[in-house]
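A.B. asks: Chains as they are written, first to last, in numbering that gives the first Met the number 0: chain A, 0 to 251; chain B, 0 to 286; chain C, 0 to 373; chain D, 0 to 287.
Note that these hints are calculated values from the structure, not bench results. Check each hint, because a few of them may be wrong.
Unchecked claim - Have a look at the derived ranges for each label pair, beta carbon to beta carbon:
1. Leu73/D / Glu57/A: 52 to 62 angstroms
2. Glu198/C / Pro260/B: 13 to 23 angstroms
3. Leu143/D / Asp142/C: 36 to 46 angstroms
4. Glu320/C / Trp257/B: 57 to 67 angstroms
5. Met181/B / Ser226/A: 40 to 50 angstroms
6. Arg89/B / Leu244/D: 55 to 65 angstroms
7. Leu58/B / Leu73/D: 47 to 57 angstroms
8. Asn139/C / Phe250/D: 54 to 64 angstroms
9. Gly366/C / Leu62/B: 26 to 36 angstroms
10. Arg89/B / Asp142/C: 26 to 36 angstroms
11. Asp243/A / Ala151/B: 33 to 43 angstroms
12. Ala66/C / Ile259/B: 31 to 41 angstroms
13. Leu248/D / Arg75/A: 46 to 56 angstroms
14. Leu73/D / Ser4/B: 55 to 65 angstroms
Said to hold, decoys possible - Residues of chain A placed beyond 12 angstroms of chain D at every Cβ, according to the derived structure:
15. Thr13
16. Phe16
17. His66
18. Phe94
19. Gln96
20. Asp171
21. Asp199
22. Ser234
Glycine included, C-beta positions come from ideal geometry on N, C-alpha and C.
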Amino acid sequence: MTKTDAILKTKGLTKRFDGVRAVDDLSISIAKGKVTSVIGPNGSGKTTLTNVLSGLAEIDGGCVVLHGTVTLKKIRPFDMPSYGMARTFQEVRLFEQMPVIDNVLVVLTERSVFGALFERHGAFHERQAEEALKKVGLWEKRGGLASGLSYGQRKLLEIARVLAVSAGRQMDIIIFDEPFAGLFPKMVKTVSSIIRELRDEGRTVILIEHNMDLIRELSDHVIVMDSGRFLAEGSPAEVLERRDVIEAYLGE
Amino acid sequence: MEILSQLILNGVMAGALYALMALGFNLIYGVTRFFNLAHGVLAAIGGYAFFTLSKMLGLNIYLSVATGVAIAGLAGYGFDRLVYSKLRKRKASNLVLLVASLGVFTTAQAALSIIFTSQFQTLSETAGQEALSVLGGVVTRTQVIIIFSSLASMLGLAALLNGTSFGKAVRAISDDEEVARMVGINTGRVTGYVFFIGSALAGLAGILVGFDTGIQPTMGMGLLLKGVIASIIGGVGNIYGGVLGAFLLGLVENLGIWMIPGEWKDAVSFLLLIVFLVFRPQGIIKR
Amino acid sequence: MKKTFKALFGVIALISLAAGCSKSGKEAGEANIIRIGSVGPLTSDLAYIGENMKAAVELASDEINSAGGIKGKKIEIIYEDGKCDPKEAANAANKLINIDKVTAIIGGLCSSETLAMAPLAEKSKVILLSAGSTNPGITNAGDYIFRNVPSDSFQGVYAAKYVRTKLNKQRVALLKCLSDWCLGVNDSFKAEFVRLGGEIVGEEAFPQDSRDLRGQLVKIKAANPELVYFVSYTEGTIVGLRQMRELGVKAPVFGADAWSDPKIWESVKGDGDGAMYLEPANKAYPEGFVDALSKKTGGKEINVYAPRAYDALKILASVMETAGTDTVLIKKGIYGVADYKGIADNYTFDANGDIKNADYSVREVRGGKAAGAK
Amino acid sequence: MDYILHLATLVIIYAILGLSLNLVVGYTGLLASGHAAFYGIGAYSTAILTTSLGVNFFASMAAGIAASAGAAFLIGAVLSRFDGDYYALVSLGFNVIIYSVFLNWHGLTRGPLGIPGVPRPALFGMDFSSGVFFLALAACFLALTFLAARFVARSSFGRVLKSIREDEKAIQVFGYNTVYFKLAIFVISAGMAAVAGSLVASYINFVDPSSFTVMESVFILAIIIFGGLSSLKGSVIGALVLVLLPEALRFAGFPQAIAAQMRHVVYGLFLVVLMLYRPQGLFGEFKL
């Protein structure tokens, strides 16, 4: 991988919680147009990394470099889309007391206050929402409240939300935080085909995952974290064979 | 210079009362995570319980104080059993609890007015109190009692929380109720006790206010707001922070009116709250 | 949207029906009753005053009825809560005027209540007689609007003259509660006192429901006045006098007529000694009145407005003895009232419906009891 | 009949307040408990401008809306950083401060003396001083407020508000700077409340600080909680029921001595029972 290929890099990225370094001096780079899995045992800082990248947790040290040109020391959550990033959440965060379709429509609208105030949804938006919901198989459920969905369906709705926003606005980097956890096999298939499709469209996917089979199957590149630090990287085949990685997983 | 030391003394005295309110409020907030607005009316309940026992039934003054405090505690415990515990069981949001406690507040305050009329009553028998000179200012015996009971309550509560298994349970629930339940703590019962203790402290505050100035069914709202502000600027859910916040509030309020007219006192306390929320939202001591 | 309006009209129709029924029911069987409304704060911060006034009105109506009523008709008082809030008072007056068809309304206490009710009473030609609203704005509120409580200016001016010339005080501090009455009395005192060459060395106010005046008092003490002019209701006075003693404010205290409430002097005991205040000329309340009112309220409190509320109903009744229930005649009758000897004052109404003069005497507290000043 | 007209007018005024507050509490999920402050700013603007400067009622209402929105903008800049209990408390604190201003800024508001003699509106020779006409005028303003609220609620903006209510962080990640949205709806809502304030000042002909206390804010809050959060219809029905309930209780025949306090007992129990058994209110789609 050459330097110009990196769409997202972190340099010495650090995040502390009450003195504990959840992300510790982390320098990694994510290749453009590939699926990169970030793996590591529980508490290794993967989710903190996604939160830092999406502005939900403040950066305590280091920086993030996007597209090789933009250097960020502070990320505000609502700036994410303008950097071409979208994400899902590990613990599902839907707009519970809103209809399923509104959960998708809401991310398609004007970002400015005045724009949104005078905007009504056109057929255009609804087509996008329909497309995204059909892709995850929730179109039939569009009228019901999000809180009425099953666990798996809720995860799918989150993914549909990300699909809709990335279809409309050219999102280059999409972060999936444990999208497969708790899904039925059929749903797993849907999600993995969505991830492949995204890559085939030329988008960069960052995947946080535990399931080794899925990691082998989907990822082009794997980064291993342990205790907030960088441990190893490489192709799935070589990384998953490494002794130190296995040890990290099993615990010392 | 005399004016300054007197204002500081006044601030400390006011702070001691706010601290009693903040202690109970914070204790309850710590385990339930909701703003219990009914906390104010419990001060009035305590005051009136004492008034009934001591002035109307002629009971011994110490016995009356103890019983009055216990009655306020029981009332708080009762509100928890009848209303809040049911809501918590249903996992209602804390805004629901807030609104429910507002309903409790309104009902209980109106009930007090029906039973005791809206008249203002003074509890103190001793008129013409000799004031003691302290540091260039003066304080009354009642005020000395107030500050000592306030300090005693703080120390007692601190000892209870740090030295007993009950205290451990309370702290466990404050940290994480789910986990506390999993390790076998009967969270419902502990919360009940916490309501009793917190409300008893409010009742004590009500009785002391009665001695210092007097009681009225509507006295609760003012005390509550001061207690809440003290808790927040001190660090909500942290009883030590609440005490610090209470004294800070008392001092700022009293020193504030040195420079500006006294009628702005309430505005000053809320301004202090807003300043804190903007610049230090976690309060003096983070929980 | 449609449903909403349907529901709205449905409920309104229901209430009209209920109101209509109760009205016709009342008119049919009760021709021998004269209805009079009474509005004052029965809840809210000032409820303790409102309750007291209500008891006084009750006492007056009991006395009138047991003496045979007015021209053989009994009077029935309907009490409504004005909450010291203009909107609530307007609600109450609307209900009294339109549903109960009252001839007159005694009230309100707060000027806000009276000012909100005045346009309604004026329009429906219902007598409005306030025993507690001292706001100067009421003077011109309408033909049917009366009050048997002096406008703020009288006693402030009287007190200022007394303090300046009789007591010969030069440097005075002011302490007042934040109500229309306190402000009115205070401001007229201040104007007159300054006109007479006196000096105001400090002025502090406190919210009407505040029970901790220590901050204000510390500042007053530091101003080192020769006298403190202290305008407040019973509660503020009790805590204020006590806290003055605690803080060592040595200057003598001069108060307003609200201090004729014996509860103050019983509560503060020795702390009140030396205090002076104004009382309407030589009017110590008759002993029987205090006892009878205490029986009604279950307490000893008599605030300054209760006797006036009692007088208000008595004045109304005496006018109705000749005028009947025709409000135009009653109105004329009240304008003609001259030197009526009530228990709180001697009343003569002027062309604006205010009482004409107010004569005061100064009382001084000694040994926990008020007596005429030397 | 006048009594009915009077009650209908009050219902309408509170319906306007309910609608405006529901945009913040029901749609955006922020427990704003200082709404009486904006109601009061509207009322005082009309009272001051019409009595001392002789300004036309409608112009004074416009000025009231501007003043209220301006105040909301300033406090909202602070407030929008919070949510939950803190939002409730800071907005309540703001109410206390504004109340102190009404009470203590004698030069402007005449303090506790209040401002009497606020005129009824007149426009192009049309005089709204009679009860029926004033009711019609108030109804027009209610209709306008309702349409405006519906416009906001049905726009994309309204949907974003709901998503803020549900999960503010999650919607931020999709590119919405939620602070601006919270601020905007707060300002809009304050402007609407000022309309109700202007109406009440002119209708009662008198303004004083006692009408704009924290308890008044709580009452408005109770209206929308009862009627239903994020239901515009609910706001109107809530105002209808809660304004008329105490009036109905006047006829309920409680013993005279305790009637007034009994109304408070009933009203308090109402809130408790509602929270226990139907926290979304009558028509609400959103549970607190």
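A.B. asks: The structure should be examined with respect to each hint, and the outcome stated for every one.
C.D. replies: Tested hints:
no.: 1; hint: Leu73/D / Glu57/A: 52 to 62 angstroms; in the structure: 27 angstroms, violated
no.: 2; hint: Glu198/C / Pro260/B: 13 to 23 angstroms; in the structure: 19 angstroms, holds
no.: 3; hint: Leu143/D / Asp142/C: 36 to 46 angstroms; in the structure: 38 angstroms, holds
no.: 4; hint: Glu320/C / Trp257/B: 57 to 67 angstroms; in the structure: 59 angstroms, holds
no.: 5; hint: Met181/B / Ser226/A: 40 to 50 angstroms; in the structure: 26 angstroms, violated
no.: 6; hint: Arg89/B / Leu244/D: 55 to 65 angstroms; in the structure: 26 angstroms, violated
no.: 7; hint: Leu58/B / Leu73/D: 47 to 57 angstroms; in the structure: 54 angstroms, holds
no.: 8; hint: Asn139/C / Phe250/D: 54 to 64 angstroms; in the structure: 35 angstroms, violated
no.: 9; hint: Gly366/C / Leu62/B: 26 to 36 angstroms; in the structure: 33 angstroms, holds
no.: 10; hint: Arg89/B / Asp142/C: 26 to 36 angstroms; in the structure: 60 angstroms, violated
no.: 11; hint: Asp243/A / Ala151/B: 33 to 43 angstroms; in the structure: 59 angstroms, violated
no.: 12; hint: Ala66/C / Ile259/B: 31 to 41 angstroms; in the structure: 56 angstroms, violated
no.: 13; hint: Leu248/D / Arg75/A: 46 to 56 angstroms; in the structure: 52 angstroms, holds
no.: 14; hint: Leu73/D / Ser4/B: 55 to 65 angstroms; in the structure: 37 angstroms, violated
no.: 15; hint: Thr13; in the structure: 22 angstroms, holds
no.: 16; hint: Phe16; in the structure: 17 angstroms, holds
no.: 17; hint: His66; in the structure: 18 angstroms, holds
no.: 18; hint: Phe94; in the structure: 4 angstroms, violated
no.: 19; hint: Gln96; in the structure: 5 angstroms, violated
no.: 20; hint: Asp171; in the structure: 14 angstroms, holds
no.: 21; hint: Asp199; in the structure: 24 angstroms, holds
no.: 22; hint: Ser234; in the structure: 30 angstroms, holds
Checked against the numbered hints listed earlier, the structure breaks hints 1, 5, 6, 8, 10, 11, 12, 14, 18 and 19; every other hint is satisfied.
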